[in-house]
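Please build the complex by placing chain Y on the supplied structure of chain E, with the hints as guidance.
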Amino acid sequence: MGIYRVGIDVGGTHTDAVLLDENNTVIAETKSPTTEDVATGIYNAMHKIIKDANVPRDQIKYAMLGTTHCTNAIVERKRLNKIAVVRIGAPATLAVKPLIGVPKDLREALGKHVYLVRGGHEFDGREITALDTDYLYKIANEIKGKVDSIAITSVFSPVSQTHEHKASEIFTEVLGDQVSISLSSEIGSVGLLERENATILNASVVNVAKTAADGFIKALKSEGIEANVFFGQNDGTLMSVDYAVKYPIFTVACGPTNSLRGASYLSNLSDAIVVDVGGTTSDVGVLVQSFPRESSLAVEIGGARTNFRMPDLISIGLGGGTIVRIQEDGQFTIGPDSVGYRLPEKGLVFGGDTLTTTDVAVALGKVKLGDASKVAHLNKEILNKVYDRMVEMVEEAIDKMKTSPAPVPVILVGGGSILLPDVLKGASAVIRPEHSGVANAIGSAISQVSGQIEKIYVLDEIGREQALESAKSQAMSEAIKAGADPDSLVVVDIEDIPLAYLPGNATRIRVKAAGELARSNKEQLA
Amino acid sequence: MRKIGVQEIEDIAVGAALLGTGGGGDPYIGKLMAIQAIEEYGEITLLDADEVPDDALVVPSSMMGAPTVMLEKAPSGEEALVAFRNLEAYLGEKIYATFPIEAGGVNSMLPFALAARLGLPVVDADGMGRAFPELQMVTFYLDGIPATPAILADEKGNTVLLSTIDNVWTERIARAATVQMGGSAMTAMYSMRGRNLKESGIQNILKLEEEIGRTIRLAKENNVNPVREVIKKVKGYQLFHGKVNDINRKTESGFAKGTATFEGMQENKGETLTLRFQNEHLLARTEQRLLCVTPDLIAVLDAETGLPITTEGIRYGARCIVIGIPCHPKWRTEKGIATVGPKYFGYHVDYVPVEKLVKEGVRS
Chain E
1 MGIYRVGIDV GGTHTDAVLL DENNTVIAET KSPTTEDVAT GIYNAMHKII KDANVPRDQI
61 KYAMLGTTHC TNAIVERKRL NKIAVVRIGA PATLAVKPLI GVPKDLREAL GKHVYLVRGG
121 HEFDGREITA LDTDYLYKIA NEIKGKVDSI AITSVFSPVS QTHEHKASEI FTEVLGDQVS
181 ISLSSEIGSV GLLERENATI LNASVVNVAK TAADGFIKAL KSEGIEANVF FGQNDGTLMS
241 VDYAVKYPIF TVACGPTNSL RGASYLSNLS DAIVVDVGGT TSDVGVLVQS FPRESSLAVE
301 IGGARTNFRM PDLISIGLGG GTIVRIQEDG QFTIGPDSVG YRLPEKGLVF GGDTLTTTDV
361 AVALGKVKLG DASKVAHLNK EILNKVYDRM VEMVEEAIDK MKTSPAPVPV ILVGGGSILL
421 PDVLKGASAV IRPEHSGVAN AIGSAISQVS GQIEKIYVLD EIGREQALES AKSQAMSEAI
481 KAGADPDSLV VVDIEDIPLA YLPGNATRIR VKAAGELARS NKEQLA
Chain Y
1 MRKIGVQEIE DIAVGAALLG TGGGGDPYIG KLMAIQAIEE YGEITLLDAD EVPDDALVVP
61 SSMMGAPTVM LEKAPSGEEA LVAFRNLEAY LGEKIYATFP IEAGGVNSML PFALAARLGL
121 PVVDADGMGR AFPELQMVTF YLDGIPATPA ILADEKGNTV LLSTIDNVWT ERIARAATVQ
181 MGGSAMTAMY SMRGRNLKES GIQNILKLEE EIGRTIRLAK ENNVNPVREV IKKVKGYQLF
241 HGKVNDINRK TESGFAKGTA TFEGMQENKG ETLTLRFQNE HLLARTEQRL LCVTPDLIAV
301 LDAETGLPIT TEGIRYGARC IVIGIPCHPK WRTEKGIATV GPKYFGYHVD YVPVEKLVKE
361 GVRS
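Protein sequences, first through last, are from chains E and Y.
Numbering follows UniProt numbering, in which position 440 of the first sequence is assigned residue number 440; successive positions increment by one, without gaps.
Numbering follows UniProt numbering, in which position 218 of the second sequence is assigned residue number 218; successive positions increment by one, without gaps.
Where hints are given, some of them may not hold.
[Stated by the list, open to error] Chain E is faced by these chain Y residues, among others (derived, beta-carbon under 8 Å): (1) I35; (2) A74; (3) R85; (4) A89; (5) G92; (6) A113; (7) E155; (8) V160; (9) G182; (10) G183; (11) E199; (12) I314.
No lab work stands behind these hints: they were computed from the structure.
Beta carbons: idealized from backbone N, C-alpha and C, even for Gly.
Isolated chain E, as found in the complex (with noise of 0.2 Å):
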């Protein structure tokens, strides 16, 4: 008996599926319109890609999906949850409440139940001062029935968790399990204002993400399916259904990443730089050892500065539906408006009225498409230009990306990729990947489970290798957590970052492990 496996993946343009076999083998794939709910396009992809893989639907045993129905709470500002935000750290950070930095909308939205209380710790792990449990009781009969979220953000909690522990505790004692608490601990790094937005954007989204988890499994079920559902995170790897929704934010930018992951499967290939060309942009991010690289600046969601981990992208305006605009005098410009999704239809080789930069591919014979005699008529000199500005686009994107001179494998995926050329400055060889149209989706499909860990360590006290082992069995601990299997679990990542002007050798350490999904989930199932 087979057991497979449904992977999509939900983009700006268009929802992608897969079906995959036991050995990860493509059976089946598509690709449709993403709609304005993002549901029906998930149930739509769903739907058909289970009709045309035909196989017996008891064996479709996993269901991962990557979703933007998260991104687009935060940045649309609705079906947000109501919540409270609750800072431990007073008397220290009142000179910066909570939301201070983030646009005027989402404060008004998520500012309504805003408490500043005393407690926190030091960067070395002292109390700043004992934590005000009588005022966290107070708040929480006061947010009874206000609120179905809080957020809780303790200074230097990376360091030490207790107080946003112990005011967990106090809330779920008063408030019961109906309300859902995010702690900051658990999403975020350093830097008190950007993990403090983060939590605070993931404890409103709480909701968004029940919606999605259970509409999803409600589709599957419609389909005669009883899969183990996961969702994918954006650092590519998976989480159970339990853990996405109580860390909803982890979903962000999950799409780029499964696209990464996928050119990763697809191309055998475990360092690279990927080129994932769409029909509006290209985003070319960084494979490390299978995973994409991170971003080490903060990091804007709807405006909001956090400074949770989110793959290092480079998003540049050229997609297959970019449109290019010749003046009489020779001059043009490339995008970045696109025609997006209706290039079917807008195209000129498809008999459209909008030249793009797919009819300039066709015009020049780099892509067969369409119909060519409609761009026939075209300048190809001046359109040999605009080509070689595209690819030069590209190129710079890619040079960005690097970590140093030398010239790296590039893997082209995404519909629109078929654009670019066999050779491309600084790429030691540019590979295509079968099945490259739908990478993202197979990325969801084949996703790991992880767990990471980030926190601060004093080496002075404990030593390094001490440390580095500690965080280790923790990282390890929260992918076991996460659902993977214990066994397969491997450290895929290491960071230790030596912090300025702190005494006692404070160093940051930031450790992530990764496995196969726990056999017990499959045994359970077959």
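Structure of chain Y alone, referenced to chain E:
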């Protein structure tokens, strides 16, 4: 005299990052403190140094310790206030106005946050005209103004009154106390008279920062090149146009030390620039020649937006324009060079003013 509101603070913060020459701590948290204080207490009065009476007591407000700590354990806002109150009690006199000790980096913003709360004016002058890492690296020190009596205060309510024999001892004791206070503290030191500030301070530095910020902000809508406009504004020089191709950092006795190399583009094609930094960018040179060295300012700007890039923000592949800006003449004296010149930071080169280095470059 004029009023400073949120937009002015936003602009000054960008200028402060630029004059921070890569270091000085990210002004971001200080900017948010100032904005919150303005929202709560109203706009701030900014005075020209000339508008301050000669015998008025003026005191800068600044932070000491690790900017990383401050990004996590943000101030309560009370520390700076307590430091001022305690200093007033010790001196038996009211403070007339505050000002930034260091116009580059986060310390540019902190006097605004305090001034809004106390209803004090801020004076448009500082003691560096840029950012430097040590307490004695101020123009006031060159003119013999002592750092103490000084107050250190933390958010818990602890204060320390320092009365020391010299600035080395001030640095030593203050540093130790700061660690016990949790890694960052607010200070009130270098108290002085209006006449001292006029004589020893670097004037109109906040105005310059505001203009830098505004220039960069408006460049796009005015359709002008932000880098060129900034260079004009600061009377600086474009030293190099290139792309980062190597970056090497290490933390050594509390300093982020390192080098970055840039591969030349366009007019600098074929050349390589090496940039050395210790928190701040201190020395820029190509294989052939020295381009700019401390105490002249070296700023790395994003070639497209003109926005300043900090040493932590320098990443492989970034397209940058490195600019040099002449420092204030006070730093070009013998004592100035001894305090903040290349030899103090361990670079075996003689100080040559950037305008001279640039001219020689043109000739050769």
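These are the hints, each one checked on the structure:
1. I35: Since chain E brings a Cβ to about 7 Å from Y:I35, closer than 8 Å, the hint holds.
2. A74: holds, 4 Å
3. R85: Violated, about 16 Å.
4. A89: Since chain E brings no Cβ nearer than about 21 Å to Y:A89, farther than 8 Å, the hint is violated.
5. G92: violated, 28 Å
6. A113: Interface hint status for Y:A113: holds (6 Å vs cutoff 8 Å).
7. E155: holds, 4 Å
8. V160: violated, 17 Å
9. G182: Status holds, d = 4 Å.
10. G183: At 5 Å from the nearest chain E Cβ, Y:G183 passes the 8 Å test, so the hint holds.
11. E199: Violated, about 32 Å.
12. I314: Violated, because the Cβ-Cβ distance from Y:I314 to chain E comes to roughly 11 Å (cut-off 8 Å).
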